[in-house]
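Number of protein chains: 2
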Amino acid sequence: MTEPLPSSPADPAAPVEHQRAHFPEGMALDCGAWVAPLDVAYRTYGTLNAARSNAVLVCHALTGDQYLAERHPVTGRPGWWEAIVGPGKPIDTSRFFVICANVLGGCMGSTGPRAPMTDSDGHTRPWGTDFPNITIRDMVRAQEKLVRHLGIDRLLAVVGGSMGGMQALEWAATFPRMVHACAPIATAAHHSAQNIAFHEVGRAAIHSDPDWRGGRYWAEEGLVPAKGLSVARMVAHITYLSEEALARKFGRRLRGASALTFLEDVFEVESYLRHQGSTFVRRFDANSYLTITRAMDYFDLAAEHGGELAAAFRGTATRFFVASFSSDWLFPTSESRALVRALNAAAASVSFVEIKSDKGHDAFLLDEPEFHAALGGFLRGAAERLGV
Amino acid sequence: MTEPLPSSPADPAAPVEHQRAHFPEGMALDCGAWVAPLDVAYRTYGTLNAARSNAVLVCHALTGDQYLAERHPVTGRPGWWEAIVGPGKPIDTSRFFVICANVLGGCMGSTGPRAPMTDSDGHTRPWGTDFPNITIRDMVRAQEKLVRHLGIDRLLAVVGGSMGGMQALEWAATFPRMVHACAPIATAAHHSAQNIAFHEVGRAAIHSDPDWRGGRYWAEEGLVPAKGLSVARMVAHITYLSEEALARKFGRRLRGASALTFLEDVFEVESYLRHQGSTFVRRFDANSYLTITRAMDYFDLAAEHGGELAAAFRGTATRFFVASFSSDWLFPTSESRALVRALNAAAASVSFVEIKSDKGHDAFLLDEPEFHAALGGFLRGAAERLGV
Numbered sequence: 001m002t003e004p005l006p007s008s009p010a011d012p013a014a015p016v017e018h019q020r021a022h023f024p025e026g027m028a029l030d031c032g033a034w035v036a037p038l039d040v041a042y043r044t045y046g047t048l049n050a051a052r053s054n055a056v057l058v059c060h061a062l063t064g065d066q067y068l069a070e071r072h073p074v075t076g077r078p079g080w081w082e083a084i085v086g087p088g089k090p091i092d093t094s095r096f097f098v099i100c101a102n103v104l105g106g107c108m109g110s111t112g113p114r115a116p117m118t119d120s121d122g123h124t125r126p127w128g129t130d131f132p133n134i135t136i137r138d139m140v141r142a143q144e145k146l147v148r149h150l151g152i153d154r155l156l157a158v159v160g161g162s163m164g165g166m167q168a169l170e171w172a173a174t175f176p177r178m179v180h181a182c183a184p185i186a187t188a189a190h191h192s193a194q195n196i197a198f199h200e201v202g203r204a205a206i207h208s209d210p211d212w213r214g215g216r217y218w219a220e221e222g223l224v225p226a227k228g229l230s231v232a233r234m235v236a237h238i239t240y241l242s243e244e245a246l247a248r249k250f251g252r253r254l255r256g257a258s259a260l261t262f263l264e265d266v267f268e269v270e271s272y273l274r275h276q277g278s279t280f281v282r283r284f285d286a287n288s289y290l291t292i293t294r295a296m297d298y299f300d301l302a303a304e305h306g307g308e309l310a311a312a313f314r315g316t317a318t319r320f321f322v323a324s325f326s327s328d329w330l331f332p333t334s335e336s337r338a339l340v341r342a343l344n345a346a347a348a349s350v351s352f353v354e355i356k357s358d359k360g361h362d363a364f365l366l367d368e369p370e371f372h373a374a375l376g377g378f379l380r381g382a383a384e385r386l387g388v
Numbered sequence: 001m002t003e004p005l006p007s008s009p010a011d012p013a014a015p016v017e018h019q020r021a022h023f024p025e026g027m028a029l030d031c032g033a034w035v036a037p038l039d040v041a042y043r044t045y046g047t048l049n050a051a052r053s054n055a056v057l058v059c060h061a062l063t064g065d066q067y068l069a070e071r072h073p074v075t076g077r078p079g080w081w082e083a084i085v086g087p088g089k090p091i092d093t094s095r096f097f098v099i100c101a102n103v104l105g106g107c108m109g110s111t112g113p114r115a116p117m118t119d120s121d122g123h124t125r126p127w128g129t130d131f132p133n134i135t136i137r138d139m140v141r142a143q144e145k146l147v148r149h150l151g152i153d154r155l156l157a158v159v160g161g162s163m164g165g166m167q168a169l170e171w172a173a174t175f176p177r178m179v180h181a182c183a184p185i186a187t188a189a190h191h192s193a194q195n196i197a198f199h200e201v202g203r204a205a206i207h208s209d210p211d212w213r214g215g216r217y218w219a220e221e222g223l224v225p226a227k228g229l230s231v232a233r234m235v236a237h238i239t240y241l242s243e244e245a246l247a248r249k250f251g252r253r254l255r256g257a258s259a260l261t262f263l264e265d266v267f268e269v270e271s272y273l274r275h276q277g278s279t280f281v282r283r284f285d286a287n288s289y290l291t292i293t294r295a296m297d298y299f300d301l302a303a304e305h306g307g308e309l310a311a312a313f314r315g316t317a318t319r320f321f322v323a324s325f326s327s328d329w330l331f332p333t334s335e336s337r338a339l340v341r342a343l344n345a346a347a348a349s350v351s352f353v354e355i356k357s358d359k360g361h362d363a364f365l366l367d368e369p370e371f372h373a374a375l376g377g378f379l380r381g382a383a384e385r386l387g388v
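Those protein sequence lines, which keep their order, are chains A and B. Position 104 of the first sequence, counted from 1, bears residue number 104 in UniProt numbering, the numbering being contiguous throughout. Position 7 of the second sequence, counted from 1, bears residue number 7 in UniProt numbering, the numbering being contiguous throughout.
Rather than coming from a laboratory, the hints here were simulated on the basis of the structure. Please note: incorrect hints may appear among the correct ones.
Unchecked claim - If you want the footprint, here are the derived chain B segments under chain A, 3+ residues with CB under 8 Å:
#1 187-194
#2 201-209
#3 219-232
Note that the Cβ used here is the ideal one computed from N, Cα and C, for glycine as well.
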């Protein structure tokens, strides 16, 4: 199951070995293409019980990956959801078997633009921009194959924030009998025009970087469109933070210098690259960024169900927990309320909480005790109903 | 006064002649540098009365210029404030003598990065990135020289939206006896951390464009950092619109195509360049964009007055009209309210209106009858008090 990832031009360090499920037959995509073989890289935490009834699937966000509760193999940083996932934490790994898969289209071991493919002339090279257009539903179908592969017929819960929340919703809509409980957090049932536009700016910045080379940067050893990807990350970064959080994050430098120099290097691309230790452009593939942001932008659950969001959930037995954060302007509370209205219209069981926070969209990743208590309570309740 | 602008590498068309005031002695800047000579390009509309008491100065926004009420000499489009300025309009050119100057640091004839300077070795070349750091107060000081040069001791009103509103506020604070009435619109007394961050993204995009050449793109005929400047304009464009306005503007294209292809070319840089007819990168200089956005980011009127915004207006006899737009998230109503509180604390005469609009920040440029009626009424009242 575990095999070495080919040395990546974006990662000058030794190749990272990712735990993977391999499906030689591949899978069909919404766009009509067939991708084969299919690899799904994943991590698990905790132990699957004998009844195979305690599995919680966590879906990651745009630039996340499967390393949610352990040291990241490229950056060396803690897992991105260690605040939430671990023994005694809201997603309690002493009680639940937690699964997290790198999304289809990602760049941490799952099949995506950085993965190798065999060209018509028999040469092996990365998919690059030849990787087909994918959807959130394609990501979910790849995860379903992994879940079946792990011998699990029904998930106790599917949980995710931001793009992870889109996947959680898609799971409940596409595989309703496999999802006992669903927690879409800081998300929406479709991507807004403003969010699409911000993504378009990021993609334009990547396309404008001459090192992108029309998507074929991998053809030259060590070349990545670092500046374009950094600009994309910068603009996204702003949307993840509230005004208060942004002022707090960069406030120290604003206060420390004179009125006429305080801006120098606050957010300038070179200093931003230094500030991020270049880890983002090292760990993340630009073509994956293009592919995954497009998948988010395509996402429109109502459109997949005849234009009516409630139709996506009609007759569902899944229990839902919807959470938003008051200062999140990327996925504002109004989007969660629209989702809750549709779930109510579908006669679904749903609880909703808006968490007061000044941390913006990123709040779902951070220390928010009220959110942690609410999510933990929801999962305990779901587990008790199943006798887990 | 009128002299040809040197052929600009950003403008492949015939050189545009701008009406200009020339000040050989130049002026001192807040940063300590001295810029000489100083040219201030401007346009006037209407007739100065014998008492020289009917002059209204309009200050333009970041990418605006002095062509506010006539066909633009580069783009051929109508003036940017023809909805507001003209005979019988809120700023009534049959009653008022309207002045609009290209800001210091601009690229439409006033001294700025595109203007010629003589190097230490005697060569003449554009200022480029050697142009000093300027402030909103420097822009206002250059305008004050123009106003004096036109034989005007006191302005009936200073009016401006967005960065133009910053200038209007700076006029009232720096030259209080020259300003009878002041209308800062869709603006703030300081630039927020979020707004600074969006500007930083734009600057990073320009810096990342290899055609920027460290700011020396002018050294090669016809070369401009078009892609970087376009990405900067794209991200700014999003901040100028509300979610509703963005969906409306790009909604037609979103609706017209299939779910899997609707994103093609919505906002992608090449299509954006086509969509804008490349006029922005032709008419606007990238180094000016860097210079002016920095001036906006430095702006903090309270900091110029010991940290207390009210101190900027203490003892003022100027009458203020503050207007904001409900869906403007770049300069939200809360910023205008903070300004009004400071003006009240300074015992200034101030009226405030929040206009209900779904057009976002751009509303101040568009057809907003309630706003037009309120601004027109304020100016008529100010004129009547002066017997104009």
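Results for each hint:
1. Counting residues of the segment 187-194 of chain B whose C-beta lies closer than 8 Å to any C-beta of chain A gives 3; at least three are required, and the coverage claim holds.
2. By the rule of at least three residues with a Cβ nearer than 8 Å to a Cβ of chain A, the coverage given for the segment 201-209 of chain B holds, with 7 such residues.
3. With 4 residues having a Cβ less than 8 Å from any Cβ of chain A, the segment 219-232 of chain B passes the three-residue criterion, so the hint holds.
In this structure, none of the earlier numbered hints is contradicted; all agree with it.
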